[in-house]
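Student: Sequence:
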Amino acid sequence: LRSAIPAKRCSEPHLAVGAMRMFWAIQAISLLCAMAAANVCDRDVTLTSQADVLDFAGNGCSRIRSLEIEGTVGHLSPLGGLTHLDGSLWIHDVPELVSLSGLNRLRSIGTFLAIKNATQL
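FYI, the numbering for the sequence shown is 1 to 121, going by the working numbering.
Please note that the accuracy of each hint is not assured.
[Said to hold, decoys possible] What follows is a list of derived Cβ distance ranges for each label pair: (1) F23 <-> G80: 36 to 46 Å; (2) G110 <-> D55: 17 to 27 Å; (3) R21 <-> T72: 48 to 58 Å; (4) G60 <-> S88: 19 to 29 Å.
Rather than coming from a laboratory, the hints here were simulated on the basis of the structure.
Glycine residues also receive a C-beta, built at the ideal position from the N, C-alpha and C atoms.
Build out the structure end to end from the sequences listed, making use of the hints.
Tutor: Next comes the structure, spelled out in C-alpha coordinates:
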(Lines of atoms letter the chains of each structure in order from A and count residues from 1; the text may use other names and numbers.)
(Lines give C-alpha, C1' and ligand atoms only; values in the text may rest on other atoms or scores of the structure.)
Protein backbone atom coordinates (compact mmCIF):
# COMPACT_ATOMS: atom_id res chain seq x y z
CA LEU A 1 0.00 0.00 0.00
CA ARG A 2 1.14 3.46 -0.80
CA SER A 3 0.92 6.21 1.74
CA ALA A 4 -1.55 8.96 1.08
CA ILE A 5 1.19 11.50 1.91
CA PRO A 6 3.90 11.59 -0.72
CA ALA A 7 7.49 11.39 0.48
CA LYS A 8 9.25 14.75 0.43
CA ARG A 9 12.25 15.01 -1.79
CA CYS A 10 14.75 17.80 -1.90
CA SER A 11 14.09 18.99 -5.39
CA GLU A 12 16.36 22.01 -4.98
CA PRO A 13 19.80 20.84 -3.74
CA HIS A 14 21.38 24.11 -4.87
CA LEU A 15 19.66 25.82 -1.93
CA ALA A 16 21.62 23.67 0.53
CA VAL A 17 24.89 24.51 -1.23
CA GLY A 18 24.00 28.20 -1.18
CA ALA A 19 23.21 28.07 2.52
CA MET A 20 26.58 26.47 3.26
CA ARG A 21 28.39 29.13 1.25
CA MET A 22 26.53 31.83 3.15
CA PHE A 23 27.41 30.15 6.48
CA TRP A 24 31.14 30.07 5.66
CA ALA A 25 31.09 33.64 4.37
CA ILE A 26 29.55 34.81 7.65
CA GLN A 27 32.17 32.82 9.61
CA ALA A 28 35.00 34.44 7.64
CA ILE A 29 33.59 37.92 8.19
CA SER A 30 33.18 37.23 11.92
CA LEU A 31 36.80 36.10 12.17
CA LEU A 32 38.06 39.20 10.36
CA CYS A 33 35.99 41.45 12.61
CA ALA A 34 37.34 39.71 15.73
CA MET A 35 40.90 40.14 14.48
CA ALA A 36 40.31 43.81 13.75
CA ALA A 37 38.77 44.35 17.18
CA ALA A 38 41.74 42.62 18.81
CA ASN A 39 44.12 44.86 16.80
CA VAL A 40 46.49 42.08 15.79
CA CYS A 41 49.91 43.38 14.75
CA ASP A 42 51.65 40.43 13.11
CA ARG A 43 55.25 41.31 13.94
CA ASP A 44 58.05 40.93 16.44
CA VAL A 45 58.69 43.97 18.65
CA THR A 46 61.94 45.05 20.31
CA LEU A 47 61.85 47.93 22.79
CA THR A 48 65.22 49.40 23.83
CA SER A 49 64.19 52.72 25.40
CA GLN A 50 61.29 54.38 27.16
CA ALA A 51 60.62 56.31 23.94
CA ASP A 52 60.26 52.97 22.11
CA VAL A 53 57.71 51.83 24.73
CA LEU A 54 55.65 54.98 24.24
CA ASP A 55 55.84 54.77 20.43
CA PHE A 56 54.75 51.13 20.41
CA ALA A 57 51.90 51.79 22.86
CA GLY A 58 50.60 54.42 20.44
CA ASN A 59 50.01 51.69 17.82
CA GLY A 60 47.28 50.14 19.97
CA CYS A 61 48.42 46.55 19.31
CA SER A 62 46.84 44.01 21.61
CA ARG A 63 48.38 40.93 19.99
CA ILE A 64 51.88 40.57 18.53
CA ARG A 65 54.24 37.72 17.68
CA SER A 66 56.96 38.28 20.28
CA LEU A 67 58.30 41.02 22.54
CA GLU A 68 61.88 41.75 23.54
CA ILE A 69 62.58 44.43 26.14
CA GLU A 70 66.14 45.62 26.80
CA GLY A 71 68.16 48.74 27.44
CA THR A 72 66.96 51.92 29.11
CA VAL A 73 63.32 50.97 29.63
CA GLY A 74 62.12 52.27 33.00
CA HIS A 75 58.47 51.24 33.14
CA LEU A 76 56.01 49.25 31.08
CA SER A 77 52.72 50.89 32.09
CA PRO A 78 52.04 52.15 28.53
CA LEU A 79 51.82 48.50 27.39
CA GLY A 80 48.55 47.93 29.25
CA GLY A 81 46.66 47.13 26.04
CA LEU A 82 48.84 44.14 25.20
CA THR A 83 46.93 40.89 25.82
CA HIS A 84 48.55 38.12 23.72
CA LEU A 85 52.02 37.15 22.55
CA ASP A 86 52.05 34.39 19.96
CA GLY A 87 55.77 33.84 20.55
CA SER A 88 58.05 34.81 23.43
CA LEU A 89 58.54 37.52 26.04
CA TRP A 90 62.27 38.14 26.55
CA ILE A 91 63.25 40.80 29.09
CA HIS A 92 66.98 41.29 29.57
CA ASP A 93 69.66 43.83 30.46
CA VAL A 94 67.19 46.38 31.84
CA PRO A 95 68.87 47.96 34.89
CA GLU A 96 66.21 50.70 35.18
CA LEU A 97 63.10 48.48 35.01
CA VAL A 98 61.51 48.31 38.47
CA SER A 99 58.16 46.67 37.75
CA LEU A 100 56.29 44.51 35.24
CA SER A 101 53.14 46.61 35.72
CA GLY A 102 51.75 47.28 32.31
CA LEU A 103 51.90 43.60 31.36
CA ASN A 104 49.09 42.73 33.79
CA ARG A 105 46.53 42.29 30.97
CA LEU A 106 48.79 39.80 29.19
CA ARG A 107 46.77 36.56 28.98
CA SER A 108 49.00 34.28 26.92
CA ILE A 109 52.61 33.80 25.88
CA GLY A 110 53.03 31.30 23.07
CA THR A 111 56.51 29.88 23.63
CA PHE A 112 58.54 31.17 26.58
CA LEU A 113 59.09 33.90 29.14
CA ALA A 114 62.64 34.77 30.15
CA ILE A 115 63.97 37.51 32.41
CA LYS A 116 67.70 38.06 32.78
CA ASN A 117 69.80 40.89 34.22
CA ALA A 118 66.86 42.88 35.53
CA THR A 119 68.40 43.80 38.85
CA GLN A 120 65.62 46.17 40.06
CA LEU A 121 62.82 43.61 39.65
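Student: Compare the structure with each hint and give your call.
Tutor: Hint check results:
no. : hint                     : result
1   : F23 <-> G80: 36 to 46 Å  : holds (37 Å)
2   : G110 <-> D55: 17 to 27 Å : holds (24 Å)
3   : R21 <-> T72: 48 to 58 Å  : holds (54 Å)
4   : G60 <-> S88: 19 to 29 Å  : holds (22 Å)
In this structure, none of the earlier numbered hints is contradicted; all agree with it.
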